[in-house]
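*Asks:* So the chains spell out like this:
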Amino acid sequence: MADQHPTEGDAMKTRRGLTAIDAALALIGVILVLQMALLTSTLDLYLGGHEAAALTGAIASGILFLLNAALTFFIMTVDAGARGI
Amino acid sequence: MNHLWEEEFSVEALEEKYVSRRQFAKFLVLTSAGMAAGQLWILFRRLFATRLAPGEKIVARADEIPVGGVKLFRYPDPDDPCLLVRLPDGSLVAYDQRCTHLSCAVFFSRESLRIECPCHNGVFSVADGSVIQGPPTRPLPRILLEERNGDIVAIGVDLQTKA
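Going line by line, the protein sequences match chains G and Y. Under this note's numbering, the letters of the first sequence match residues 44 to 128, in that order. Under this note's numbering, the letters of the second sequence match residues 355 to 517, in that order.
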C-alpha cells in the first residue's frame, strides 16, 4: 500500500507556496492603497480644473488593476499547484 | 435524528466563517476593479460632460448689501450656491459656497472676518478665498463680479487653481 502521509518535501513545498501567496497578498494590499491615493488625488486635481489628470489617473489605475489581477492569478495557480488540482 | 440535520445543513459553521486566501485575494482584486472604475468615471465625465460657458447674471443691487453683509445667490446654475460679501473696505467679493473639502456650505463670520466651514473647521480668507486652516486643499472658486448701472453682475467663475 502506498504511503499516504505527506513527505517532508511536500511540507516544504506547501510552506513555500504559502509564503509566496502571503507575499502576493501583501503586494496586492500595497497596490490597493496606491490606487486609493491615486483616486483621491485625481479627483482633487480634476475638481481643481486640471482635467488632464483624468486620463493619466485612469491609465495608471488600469495598470495597477492589471497588476493586481496578475497577482491574483498567480495566487490561484500556486494554490492549485499545492493542492494538486 | 442527527443524520437528518447533517443532511440538511451540511456546511460546518467554522468552514462557513473561514475566509481562505483565495477568497481574500478575490475580494481585494474586486476592490481594485472598483477603484479603476472610479478613475474611468472621472475620465468619462471629462470627455462627455457638456460644459457651457457661464453666462452673466445680476445677483444684487450695489446698495443692497451693507458692510459686513452677506447675500446668497445661485450662479452659474441653480445647483451652484454662492456667497456675496461686502468687506470692511467697501469692496464686494463672491465665492462658491461649497467647501473644497467635502462640499459643506461655508459661511462668513463677521467676528473673525473669515469664511468658515462648520463641518471640519476649514477656514478660508475672505480677501481671496485661499485656505487658512483645516483639511481643504483648494481655495474657494471665486465668482467674478462687475458693477453695471448700480447692479452687481456675476460674469464668470475662477477656480483659482493653476491649470
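Be careful, since some hints might not be right.
Unchecked claim - A few chain G residues facing chain Y, derived, Cβ under 10 Å:
no. : residue
1   : 55
2   : 71
3   : 81
4   : 107
5   : 112
Said to hold, decoys possible - 25 Å max Cα-Cα, derived SDA-like pairs, lysine to any residue:
no. : chain 1 : residue 1 : chain 2 : residue 2
6   : Y       : 425       : G       : 74
7   : Y       : 380       : G       : 92
8   : Y       : 380       : G       : 110
9   : Y       : 411       : Y       : 421
10  : Y       : 380       : G       : 57
11  : Y       : 380       : G       : 59
12  : Y       : 425       : Y       : 374
13  : Y       : 411       : G       : 75
14  : Y       : 411       : G       : 61
15  : Y       : 380       : G       : 70
16  : G       : 56        : Y       : 373
17  : Y       : 425       : Y       : 398
18  : Y       : 380       : G       : 52
19  : Y       : 380       : G       : 121
20  : Y       : 425       : Y       : 459
21  : Y       : 425       : G       : 102
22  : Y       : 411       : Y       : 439
23  : Y       : 425       : Y       : 496
24  : Y       : 380       : G       : 62
25  : G       : 56        : Y       : 376
26  : Y       : 380       : G       : 67
27  : G       : 56        : Y       : 485
28  : Y       : 380       : G       : 50
29  : Y       : 380       : G       : 91
30  : G       : 56        : Y       : 377
31  : Y       : 411       : G       : 103
32  : G       : 56        : G       : 105
33  : Y       : 425       : G       : 113
34  : G       : 56        : Y       : 378
35  : Y       : 380       : G       : 77
36  : Y       : 380       : G       : 61
37  : Y       : 425       : Y       : 395
38  : Y       : 380       : G       : 106
39  : Y       : 380       : G       : 76
40  : Y       : 425       : G       : 70
Bear in mind the hints are in silico, worked out from the structure with no lab data behind them. Yeah, the Cβ is synthetic: ideal placement off N, Cα and C, and Gly gets one too.
*Asks:* Return the numbers of the hints above that this structure violates; sort them in rising order.
*Replies:* 1, 6, 7, 12, 13, 14, 17, 18, 21, 27, 28, 29, 31, 32, 33, 37, 40
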